[in-house]
Amino acid sequence: MNFLPDPVLDHLRNVIGLPDFSQTRYRLEREIGRGGMGVVFAAHDETLHRRVAIKVVAKGVLQEARIIASLEHPGIVPVHDAGELPGGQFFYAMKLVDGVRLDQHLERESSLANRLRLFQRVCDTVAFAHSRGVVHRDLKPQNIMVGAYGEVLILDWGVARAVSTAGGNEEPDGTVVGTKHYMAPEQASGRTAEIGPASDIYSLGVILRGLLNPPAPRPLLAIAAKASAVDPSQRYQEALALGREIGLFLDREPVSAYRESSFERAQRFAARNPTLLILITAYVVVRFFLFFLRFL
Amino acid sequence: MNKPVIGLALGAGLGFLDGLTAWFTPEVRPLLAGILVGSSMKGMLVGLAAGLLARKVNSAAIGVGFAFLMAMGLAWFVASFPSETGKFYYWEIMVPGSIVGAIVGFATQRYGKSA
Amino acid sequence: MAFTEDTWIGGNAAGFPATRASLIQAASQTQPALAAEAMSAVIEAYWKPVYKYIRVKWKKGNEQAKDLTQGFFASAIERNLLSRFDASKAAFRTYLRTCVDGYVMHQFEAEMRLKRGGDTITVPLDFDDAERELTLCSAEVSPEEVFHREWLRELFSQAIADLGQLCQEQDKLLYLQLFNEYDLAEPDARPTYEQLAGRHQIPVTAVTNYLAWARRNLRSLLLDRLAGITSGQRELEQEARFLLDWEGRR
Numbered sequence: 007m008n009f010l011p012d013p014v015l016d017h018l019r020n021v022i023g024l025p026d027f028s029q030t031r032y033r034l035e036r037e038i039g040r041g042g043m044g045v046v047f048a049a050h051d052e053t054l055h056r057r058v059a060i061k062v063v064a065k066g067v068l069q070e071a072r073i074i075a076s077l078e079h080p081g082i083v084p085v086h087d088a089g090e091l092p093g094g095q096f097f098y099a100m101k102l103v104d105g106v107r108l109d110q111h112l113e114r115e116s117s118l119a120n121r122l123r124l125f126q127r128v129c130d131t132v133a134f135a136h137s138r139g140v141v142h143r144d145l146k147p148q149n150i151m152v153g154a155y156g157e158v159l160i161l162d163w164g165v166a167r168a169v170s171t172a173g174g175n176e177e178p179d180g181t182v183v184g185t186k187h188y189m190a191p192e193q194a195s196g197r198t199a200e201i202g203p204a205s206d207i208y209s210l211g212v213i214l215r216g217l218l219n220p221p222a223p224r225p226l227l228a229i230a231a232k233a234s235a236v237d238p239s240q241r242y243q244e245a246l247a248l249g250r251e252i253g254l255f256l257d258r259e260p261v262s263a264y265r266e267s268s269f270e271r272a273q274r275f276a277a278r279n280p281t282l283l284i285l286i287t288a289y290v291v292v293r294f295f296l297f298f299l300r301f302l
Numbered sequence: 002m003n004k005p006v007i008g009l010a011l012g013a014g015l016g017f018l019d020g021l022t023a024w025f026t027p028e029v030r031p032l033l034a035g036i037l038v039g040s041s042m043k044g045m046l047v048g049l050a051a052g053l054l055a056r057k058v059n060s061a062a063i064g065v066g067f068a069f070l071m072a073m074g075l076a077w078f079v080a081s082f083p084s085e086t087g088k089f090y091y092w093e094i095m096v097p098g099s100i101v102g103a104i105v106g107f108a109t110q111r112y113g114k115s116a
Numbered sequence: 100m101a102f103t104e105d106t107w108i109g110g111n112a113a114g115f116p117a118t119r120a121s122l123i124q125a126a127s128q129t130q131p132a133l134a135a136e137a138m139s140a141v142i143e144a145y146w147k148p149v150y151k152y153i154r155v156k157w158k159k160g161n162e163q164a165k166d167l168t169q170g171f172f173a174s175a176i177e178r179n180l181l182s183r184f185d186a187s188k189a190a191f192r193t194y195l196r197t198c199v200d201g202y203v204m205h206q207f208e209a210e211m212r213l214k215r216g217g218d219t220i221t222v223p224l225d226f227d228d229a230e231r232e233l234t235l236c237s238a239e240v241s242p243e244e245v246f247h248r249e250w251l252r253e254l255f256s257q258a259i260a261d262l263g264q265l266c267q268e269q270d271k272l273l274y275l276q277l278f279n280e281y282d283l284a285e286p287d288a289r290p291t292y293e294q295l296a297g298r299h300q301i302p303v304t305a306v307t308n309y310l311a312w313a314r315r316n317l318r319s320l321l322l323d324r325l326a327g328i329t330s331g332q333r334e335l336e337q338e339a340r341f342l343l344d345w346e347g348r349r
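Here the protein sequences come in this chain order: A, B and C. If you read the first sequence in the numbering used here, its first letter stands for residue 7, the second for the next number, and so on. If you read the second sequence in the numbering used here, its first letter stands for residue 2, the second for the next number, and so on. If you read the third sequence in the numbering used here, its first letter stands for residue 100, the second for the next number, and so on.
If a hint is listed, it holds; no wrong ones were tucked in.
Computed beta-carbon distance windows for the label pairs: (1) V240(C) with L118(A): 37 to 45 Å; (2) E293(C) with E113(A): 36 to 44 Å; (3) V240(C) with A222(A): 41 to 49 Å; (4) L218(A) with V58(B): 34 to 42 Å; (5) L53(B) with L254(A): 27 to 35 Å; (6) V303(C) with D16(A): 20 to 28 Å; (7) V303(C) with L218(A): 47 to 55 Å; (8) G297(C) with A48(A): 20 to 28 Å; (9) A61(B) with S267(A): 25 to 33 Å.
Residues of chain A placed beyond 10 Å of chain B at every Cβ, according to the derived structure: (10) N8; (11) R31; (12) E35; (13) K101; (14) E115; (15) K186; (16) R197; (17) E244.
Some chain A residues judged to face chain C by a derived CB distance under 7 Å, without partners named: (18) F9; (19) L10; (20) P13; (21) V14; (22) L15; (23) L18; (24) R19; (25) V21; (26) I22; (27) G23; (28) D26; (29) S28.
Bear in mind the hints are in silico, worked out from the structure with no lab data behind them. None of the values given here were measured: they were computed from a predicted structure. Note that beta-carbon positions come from the ideal geometry of N, C-alpha and C, so glycine has one too.
Hey, can you work out the whole structure from these sequences and the hints?
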């Protein structure tokens, strides 16, 4: 038997672990991620000659693909195709995002303003999904991609569910889905009837707190605290409202979540109007100088 | 409120306040009323002009610069007249006056409707 | 519904291969013929990893390592190593490696050759070949990693040999050739599907399908071999995960 070099051995381990796509138009290249609901591969579409991402899920779990396909938004990866494999698994093909996960992006992005703008885009996308009656239920930095040109995409809608405006969904009480650190209390305790858009807003609040390096501005901490309040009725009721608050902070306007002192208000005014402050200070200094010059 | 109106109001108000500081110069206190009127009118002129400029030009640097220079020019005109004691108050009139003009110029750029 | 890789480990089959299911389990119940068959499978899969492990970890020269390897397996046959294996404590692979350590530490000399240890067990052991391969292995890995890696390498090599035999039997030599030219090529020398198609005057889709067939069958043969040296379904699943590097990809 010929010796199998290490690179060849690794290649074999990779290829025989891949699902059989020979009867489809896709050629799998490599695994790029996995979660509880499926495995994602980079693949080549032999018909359209483009690279795609393919998610392979267990039998009977195409819910995710249907949900994503119903949400057409720049912040949600579009689904191109779906089908069944010989082994009985289902797959769906979607746009291959060229970018990095939010948690990885944050290691490189030190500007608070840029981080907050990214977060606003996440809020916009989540708000859109909510407007279509879809709750993500597993929002976290690992499920948010930042593209090469700054575009933000929310991935992994594997546990997303359509919820009625009255709240609740078809899963029985006690079902717990999501990621522990980012899960709203009602989600973590399995109170499925109470899960709704506010649960996603809780997750957004935790994500926001994660964007902030200490010492974080108090208004932002207050916004994050409000978003991730234990009582869903105390949180922002819409993701758009959360995004708007962030926008106000970026514009150095007062935010509803934080009651500022007079000194802080003056500080904010000064930060918004540095030129005016300089001119006023110059006037006062000149006046004082001229006044005391008389006595010299 | 549109930009020329803001310029007019702010120019008049700040010009009045600037003129009021003449009270700290005892020699010119008797002329305070005239100084207040003149200073207010100077401020209104600068404010109006800055407001009209702000309608056409959206640049804080240009607005501040224009108003500063216009205020300096008007202040020089006023300062070139000697006081009753024969003393000239170029520094006391021109420097603060120019800065007030700059403030008005900035405000007309930042606030008020263009139309 | 939670997703598991098990849904495709068995390919189209509903579960794991059962052709040589649980030989170790059967052998531990002291059926001589089955025990011999199990031991042959174990020696075939493990002799090279054991030899290389002894060379790397215990720093023995090649002659001494050769003697120790043969002595170990002879001793394993004499003492019925398989019957002592407890699947609830560890994978057989880990158990075997621990036994090797114990054996070398006590330095049982290889006076007992395999031939004397069991007339029904004959496995060709090409130590020169193993020594040559050792020079090709990376020097930067631990002895334990060497053992596990060599175990993988040996299993794959055997499964590839089985694939070759299958292709001969089913007259699918072109499939085998494509597999050899693509999947057994070094990464920087690997041709594209298009190049392979051109070389063999077949469509690209045929290349895709033939490679898929070869890989599917390689997987089955691999799992079949694995079943022969594991103690049951649970261990088979665990070892399959290691084999296919699913833990490493997480």
